[in-house]
Amino acid sequence: MGFKDEMEQFDDEWAQEQANPSQRGGPTLPEGPHQAAVTEARVEEYNERWTWVLKFQNEEGAVRKWQNLDNEVGRSIAAQDAKMLGYDGPLSGLQVACEQEVLIGWVCEIRLLKR
Numbered sequence: 001m002g003f004k005d006e007m008e009q010f011d012d013e014w015a016q017e018q019a020n021p022s023q024r025g026g027p028t029l030p031e032g033p034h035q036a037a038v039t040e041a042r043v044e045e046y047n048e049r050w051t052w053v054l055k056f057q058n059e060e061g062a063v064r065k066w067q068n069l070d071n072e073v074g075r076s077i078a079a080q081d082a083k084m085l086g087y088d089g090p091l092s093g094l095q096v097a098c099e100q101e102v103l104i105g106w107v108c109e110i111r112l113l114k115r
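Just so you know, our numbering puts 67 at position 67 of the sequence shown, and the rest follows in order with no gaps.
None of these hints come from the bench; they were simulated from the model. Honestly, I wouldn't trust all of these hints.
Derived CB-CB ranges, DEER-like [what the hints assert, rightly or not]:
no.: 1; residue 1: 7; residue 2: 44; range: 33 to 43 Å
no.: 2; residue 1: 93; residue 2: 7; range: 29 to 39 Å
no.: 3; residue 1: 4; residue 2: 89; range: 40 to 50 Å
no.: 4; residue 1: 10; residue 2: 35; range: 13 to 23 Å
Nothing here was measured: the structure is a model prediction, and the numbers come from that model. Cβ coordinates follow ideal geometry from the N, Cα and C atoms, glycine included.
Between the sequences and the hints, there should be enough to build the whole structure, so can you do that?
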């Protein structure tokens with residue numbers, strides 16, 4: 001069974017989410033520069049891969065950023081982002097820092113680009 005076959009069961013849910021994006025998390029921030037606060041920071045495991053998820057939000061909307069911690073490039077980007085957000089602890093302590101909401105509330109300037 002391939003991707004198409006496995007995902008068909010979610011087609012109706014997908015269409016509903018696309019039609020009503022404000023049901024969860026609000027609208028996506030438009031392209032351009034924004035000042036936004038970190039409102040969510042978590043480390044999660046999905047399909048045996050570790051990912052660091054950040055959500056930035058302001059009055060216009062929100063956007064999420066994911067970093068794959070299972071490869072060198074993802075860890076490098078995550079390390080730089082963590083330092084800019086005030087976390088200078090070890091990678092092994094990032095999950096606890098997220099659980100303790102150490103990063104929540106930081107206000108950042110972010111720039112969104114559409115590709």
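Evaluated hints:
Roughly 20 Å separates the CB atoms of residue 7 and residue 44, a value that falls outside the hinted 33 to 43 Å. Taking 29 to 39 Å as the suggested C-beta distance range, the pair residue 93 and residue 7 conforms, at roughly 36 Å. Between residue 4 and residue 89 the beta carbons are some 42 Å apart, a value that agrees with the proposed interval 40 to 50 Å. Roughly 35 Å separates the CB atoms of residue 10 and residue 35, a value that falls outside the hinted 13 to 23 Å.
Checked against the numbered hints above, the structure breaks hints 1, 4 and satisfies the rest.
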